[in-house]
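There are 2 protein chains.
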Amino acid sequence: MSSLPKSINLIEVGPREGFQFEGIGDPGKISTDSKVKLVDALSETGIRTIQVISFVHPKAVPQVADAEEVAKRFKRKPGVKYTAVYLNDRGLERVWNTGKFDFDAHIYLTASEAFSKRNIKRTLEEEVSAQRKIIEIHKEKKIPITWGGVMAAFGCNLEGDIALNKIIDRMKVVFELGQEYDLNLEKFQLADTMGWANPEQIKRTIEKIKNIWPDLGFGLHLHDTRGTGLANVYAALEMGVTEFDSAIAGLGGCPFAGHRAAAGNVCTEDIVFMCEEMGINTGVDLDKLIECAQLAEDIVGHSLPGKVMKGGNLNKFRTYLF
Amino acid sequence: MSSLPKSINLIEVGPREGFQFEGIGDPGKISTDSKVKLVDALSETGIRTIQVISFVHPKAVPQVADAEEVAKRFKRKPGVKYTAVYLNDRGLERVWNTGKFDFDAHIYLTASEAFSKRNIKRTLEEEVSAQRKIIEIHKEKKIPITWGGVMAAFGCNLEGDIALNKIIDRMKVVFELGQEYDLNLEKFQLADTMGWANPEQIKRTIEKIKNIWPDLGFGLHLHDTRGTGLANVYAALEMGVTEFDSAIAGLGGCPFAGHRAAAGNVCTEDIVFMCEEMGINTGVDLDKLIECAQLAEDIVGHSLPGKVMKGGNLNKFRTYLF
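If you read the sequences in order, they're chains D and S. If you're matching positions, the first sequence starts at 46 in my numbering and goes up one per residue. If you're matching positions, the second sequence starts at 46 in my numbering and goes up one per residue.
You can trust all of the hints, since none of them are fake.
Since the list gives no way to pick out one identical chain from another, each pair is judged satisfied if it fits inside one copy or across any two copies.
Below, simulated DMTMM-like cross-link-like pairs (lysine to aspartate or glutamate); rule was C-alpha separation at most 20 angstroms, straight line: (1) Lys-232 - Glu-252; (2) Lys-361 - Glu-204; (3) Lys-248 - Asp-206; (4) Lys-104 - Asp-134; (5) Lys-361 - Asp-206; (6) Lys-82 - Glu-114; (7) Lys-51 - Asp-330; (8) Lys-162 - Asp-134; (9) Lys-361 - Glu-321; (10) Lys-333 - Asp-343; (11) Lys-145 - Glu-114; (12) Lys-186 - Asp-227; (13) Lys-145 - Asp-78; (14) Lys-248 - Glu-288.
Just so you know, the hints here were simulated from the structure itself, not pulled from any lab data.
Modelling step: build the complete structure from the supplied sequences, incorporating the hints.
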């Protein structure tokens, strides 16, 4: 049998990535009220980290023009970490000014230059210098940076397959930056931004990285674009990975990846179901999570990909018996 | 790294199980023409076995009242095996009389008696005597029976968790029946009829069975009711399982399991995608399969759960590069 971790930590990205995706072409579709309502409901489930919204320029992403208003209105629950996404110093300044957020700060590069150019309009060199600026403003504000990350790590719709060595090279650049600025990068996240990964690739990648950096903590940001999402999570669990980004009801998708009809992030409640059934503690109440998933469907006004919200928690059938 | 099988065999059950499910409450919803069209399209994909339809009494399952007509009209393609489902001697007689089918005959028991009573209206003892009748009529017609099987093997909405020992006990009854009638049961299928299985349970179950019957071939019939379908397939691949039932576009569901909104069988093209990406040969053309999945959506008139049909074959992005 596999030796799986005893517990995992989920980072809920649905309100940020999911709602951002839903609002493409119709920025007002998800009201500020709805955004706040879902964040507040998720706060009651046992989820320990919630990515609330992005602070990027409303000209680039008009659906997050209300970021400050959302920040003002959601209710912080003690014990829950609330984070926001920002891509530059101006974004960080805006997040900082709300006074509502925790920081899980990271240095992030992209494995695919073609994707990087289209997604954040930067070459690798420009990405590195942007990260320098980000590091400097974190230093000024005394916000520790503990995460490194590589996006589009498992393949790219614009560039094709991404060689494992390319991920390693990008990781080395991240660690060099970290050393230069005396950061303590304890953890690393790889993002399968466009849903290319398969379980064997996940294992191969993590095995190689663990050989080079045996003490590094590890997180994954996975999309279920082609149905392999939970199989990839399972393969990662077999390799000892304990942190996953996920989205309630499977909200989301990548607005820049060119497959708008495709599925979004791996689904939070489906991961919780699978883990709890295998004896892995998630700290999350599945029934409350299913209610949040139904709320997410009500908000977006259409069916979402999550399955356990439709199939139901098995504990309910077990309870009948006692 | 895991040592995965070099190739697998998929048994396409969408036209049988999927269309049967879709027609609940509206038996004429899927026209005979549509049924035939999907079977004929699947015949061109490289799939080696297609379960075409059930021959059960039209009073019990009115949506298969046209079984003989479907049998008459679909076109047999050389190299493809076409099977039908029957539950008793009268059903087998009807299948036989069409002259259009191959036989992958099996003895099948149900792990959950509560489910069995509701599903096929039989107690375990009645199931066993029904299997005797089935065996006898196969003997008369000289149709070999090579498969054993247990349904509801991983859990039951009516009975709750199913102990591993219960599966083993049922398997022993099947093998005793086999010995009594001098059958050569080379293969065994377990069905997760109501979508309870998780990857670790799949591994634990197969490991135990392999310890008892090391030379037994093994197949799984999995439902993706709670999102763990492909993770379960991956876990089974890690244990060397090489035969899977699956349904195009993820058609189906179990009409008797009490969760009509839930997802159906594991999705054929998503399995093919995952396997081919991991270097496991399925013998199936993914692009043709995606066309069949789109045809299935057109026929049922609503979105189906399959993901790679929306996310797309990755080879198309790779081809851009050369």
